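Student: Sequence:
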Amino acid sequence: DPGPETKGNGYVGGEDAPPIPVDWRSAIEAAKGSDFLKSALGEDLHRTFTAVKSAEYARVMRTVSEVDFDLYLYTV
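Residue numbers (this note's numbering): 1 to 76.
Read the hints as simulated data drawn from the structure, not as lab findings. Where hints are given, some of them may not hold.
Calculated pairs, DSSO-like style, for lysine-lysine (alpha carbon to alpha carbon, straight line, at most 30 Å) [unchecked claim]:
1) Lys53 - Lys32
2) Lys7 - Lys32
3) Lys38 - Lys7
4) Lys38 - Lys53
These numbers come from a predicted model, not from an experiment.
Between the sequences and the hints, there should be enough to build the whole structure, so can you do that?
Tutor: This is the structure in structure tokens:
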């Protein structure tokens, strides 16, 4: 059951709607705690999916971006 029909702007939280995560880490944490996602995927796939997304996030966060090089390395 997807629940009641959304009326108006579905991206703005209503009185009883939690806000949509605005960054990757918050989205992963929300997915980890989502009973809906756990029910839809099953516990094993839910655990695997969120573990993979956490590992992807960690890998990206370890990467030094070109912007970081431009801002910090070449300004010394």
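Student: Decide, hint by hint, whether the structure agrees.
Tutor: Hint check:
Only pairs whose Cα atoms come within 30 Å are accepted, and Lys53 paired with Lys32 is accepted, the gap being roughly 10 Å. As the CA atoms of Lys7 and Lys32 are separated by approximately 27 Å, the hinted pair is consistent with the 30 Å bound. With a CA separation close to 26 Å, the supplied pair Lys38 and Lys7 stays within the 30 Å bound. Only pairs whose Cα atoms come within 30 Å are accepted, and Lys38 paired with Lys53 is accepted, the gap being roughly 15 Å.
Going through the hint list in order, the structure satisfies each hint without exception.
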